[in-house]
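K.L.:
What follows is each chain in one-letter form.
Number of protein chains: 2
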Amino acid sequence: MTVAMELRRIIINEIDDQQIVILKEVEGERSFPIVVGLYEAGSIDRRIKGMPTIRPLTHDLIANLVEQLGAEIQDIVISDLRDHTYFAKLRIRKDGELIDIDCRPSDAIAIAVTIKVPIYVIEDLLRDVIEDED
Amino acid sequence: MTVAMELRRIIINEIDDQQIVILKEVEGERSFPIVVGLYEAGSIDRRIKGMPTIRPLTHDLIANLVEQLGAEIQDIVISDLRDHTYFAKLRIRKDGELIDIDCRPSDAIAIAVTIKVPIYVIEDLLRDVIEDED
Chain A
1 MTVAMELRRI IINEIDDQQI VILKEVEGER SFPIVVGLYE AGSIDRRIKG
51 MPTIRPLTHD LIANLVEQLG AEIQDIVISD LRDHTYFAKL RIRKDGELID
101 IDCRPSDAIA IAVTIKVPIY VIEDLLRDVI EDED
Chain B
1 MTVAMELRRI IINEIDDQQI VILKEVEGER SFPIVVGLYE AGSIDRRIKG
51 MPTIRPLTHD LIANLVEQLG AEIQDIVISD LRDHTYFAKL RIRKDGELID
101 IDCRPSDAIA IAVTIKVPIY VIEDLLRDVI EDED
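Chains as they are written, first to last, in the numbering used here: chain A, 1 to 134; chain B, 1 to 134.
In isolation and in its complexed conformation, chain A is listed as follows (with noise of 0.2 angstroms):
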């Protein structure tokens, strides 16, 4: 089962490379933190924000290129904790079929709020998160 999140904050910390995105449930109160790059907390920022740029940045290179393809983003999921790093899956439809890429969750939610595309998270990683927190 999967549970619909979107992205509440951005902590970004200059000391080191370990900045958060925060997600929070869209019908709930909980919430998902998850360490990413500088550069990734950078792109995913630039783009909330709608910060303009004069070449395609990376993220709106994978946007464009699955558009040309002829296939279409459905939404992103973080799927897997193993070894205390999450992974995540673009969920990609064409031609009637759905393909899951594998990615690493910042990937997946810089593309998520590049295309403008549902995040999810699988509900397991979100309880083991909570009671981690208890």
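Be aware that a few hints might be false.
[What the hints assert, rightly or not] Below 20 angstroms or equal to it, Euclidean Cα-Cα: the simulated DMTMM-like pairs (lysine to aspartate or glutamate) are:
no., chain 1, residue 1, chain 2, residue 2
1, B, Lys94, B, Asp75
2, B, Lys116, B, Asp128
3, A, Lys89, A, Glu6
4, A, Lys94, B, Glu72
5, A, Lys24, A, Glu6
6, B, Lys94, A, Glu6
7, B, Lys116, B, Glu27
8, A, Lys89, A, Asp75
9, A, Lys89, A, Asp100
10, A, Lys116, A, Glu27
11, A, Lys89, A, Glu25
12, A, Lys94, B, Glu123
13, A, Lys94, B, Glu97
14, A, Lys94, B, Glu67
15, B, Lys94, B, Glu67
16, B, Lys89, B, Asp100
17, B, Lys94, A, Glu27
18, B, Lys89, A, Glu67
19, B, Lys94, A, Glu97
20, B, Lys49, B, Glu27
21, B, Lys116, B, Glu67
22, B, Lys94, A, Asp75
23, A, Lys94, A, Glu72
24, A, Lys89, B, Asp95
25, B, Lys49, B, Glu14
26, B, Lys24, B, Asp100
Keep in mind that the hints were calculated from the coordinates and are not lab data. Here the structure is a predicted model, which is why all the values come from computation and not from measurement.
Dock chain B against chain A, hints included.
P.N.:
Coordinates of chain B only, in the frame set by chain A:
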């Protein structure tokens, strides 16, 4: 007309965000420097050194995406210079057609070294750079 290039050197400078990638003509001695960001330079450097990663990084994600969508990146071309900014294209083959996708030279070079496809520069751009150096 395009000229086949290869990666000669990456100069990483941690003091500012102006890293330099130097391309060299495959069948000649002319070289072509391009300024890229630290993240992009790091990404190209990691690929050349074959450093393993546990999750697909952004340029691996692009390579996987194109493959899973039934297409193939044929080569990359540094195609234009406008207002001191270089522009590039990924040339993608799909169902016998060639599709050009705009991108930054840094992404194009990172993708080319990831999947080992040729790097081209438009002859006029190469000539302009050489003339500037005279």
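K.L.:
It remains to establish, for every hint, whether it holds in the given structure.
P.N.:
Outcome of the hint check:
Between Lys94/B and Asp75/B the CA atoms are separated by roughly 13 angstroms; this keeps the pair inside 20 angstroms, and the hint holds. Between Lys116/B and Asp128/B the CA atoms are separated by roughly 27 angstroms; this puts the pair beyond 20 angstroms, and the hint is violated. Distance check on the hinted pair: Lys89/A and Glu6/A sit about 16 angstroms apart at the alpha-carbon level, within 20 angstroms; holds. Distance restraint check for Lys94/A and Glu72/B: the Cα-Cα separation of roughly 16 angstroms lies within the 20 angstroms cut-off, and the hinted pair is therefore satisfied.
Between Lys24/A and Glu6/A the CA atoms are separated by roughly 5 angstroms; this keeps the pair inside 20 angstroms, and the hint holds. Pair hint Lys94/B plus Glu6/A does not hold up; C-alpha atoms about 35 angstroms apart against a cutoff of 20 angstroms. Our distance criterion of 20 angstroms between C-alpha atoms is met by Lys116/B and Glu27/B, whose separation comes to about 18 angstroms. Taking the CA atoms of Lys89/A and Asp75/A, the gap is about 9 angstroms. The hint holds against a cut of 20 angstroms.
Only pairs whose Cα atoms come within 20 angstroms are accepted, and Lys89/A paired with Asp100/A is accepted, the gap being roughly 6 angstroms. For a cut-off of 20 angstroms, the pair hint linking Lys116/A to Glu27/A stands: about 18 angstroms separates their Cα positions. The straight-line distance between the Cα atoms of Lys89/A and Glu25/A is roughly 18 angstroms, inside the 20 angstroms bound, and the hint therefore holds. At roughly 38 angstroms between alpha-carbon atoms, Lys94/A and Glu123/B are farther apart than 20 angstroms, so this suggested pair is violated.
Taking the CA atoms of Lys94/A and Glu97/B, the gap is near 18 angstroms; set against the 20 angstroms cutoff, the hint holds. Of the supplied pair hints, the one linking Lys94/A and Glu67/B holds, its CA atoms being roughly 13 angstroms apart against a limit of 20 angstroms. In summary, the hint linking Lys94/B to Glu67/B is supported, as the alpha carbons are separated by about 10 angstroms, within the 20 angstroms threshold. A hinted pair counts as satisfied when its Cα atoms are at most 20 angstroms apart, and Lys89/B with Asp100/B qualifies at roughly 6 angstroms.
Simply put, Lys94/B and Glu27/A have alpha-carbon atoms about 41 angstroms apart, too far for the 20 angstroms limit, and the pair is violated. Between Lys89/B and Glu67/A the alpha-carbon distance is near 16 angstroms, which keeps this suggested pair within the 20 angstroms criterion. The hinted pair formed by Lys94/B and Glu97/A meets the criterion: a straight-line CA distance of about 18 angstroms does not exceed 20 angstroms. Distance hint between Lys49/B and Glu27/B is unfulfilled; the C-alpha atoms sit about 24 angstroms from each other, more than 20 angstroms.
Between the alpha carbons of Lys116/B and Glu67/B the distance comes to roughly 14 angstroms, so the proposed pair stays at or under 20 angstroms and holds. Restraint check: the Cα-Cα separation between Lys94/B and Asp75/A comes to about 24 angstroms, which exceeds 20 angstroms; the hinted pair is violated. Among the hinted pairs, Lys94/A with Glu72/A is consistent with the structure: their alpha-carbon atoms are about 7 angstroms apart, no more than 20 angstroms. With a CA separation close to 26 angstroms, the supplied pair Lys89/A and Asp95/B exceeds the 20 angstroms bound.
Only pairs whose Cα atoms come within 20 angstroms are accepted, and Lys49/B paired with Glu14/B is accepted, the gap being roughly 19 angstroms. As the CA atoms of Lys24/B and Asp100/B are separated by approximately 23 angstroms, the hinted pair breaks the 20 angstroms bound.
Checked against the numbered hints given earlier, this structure breaks hints 2, 6, 12, 17, 20, 22, 24 and 26; the rest are met.
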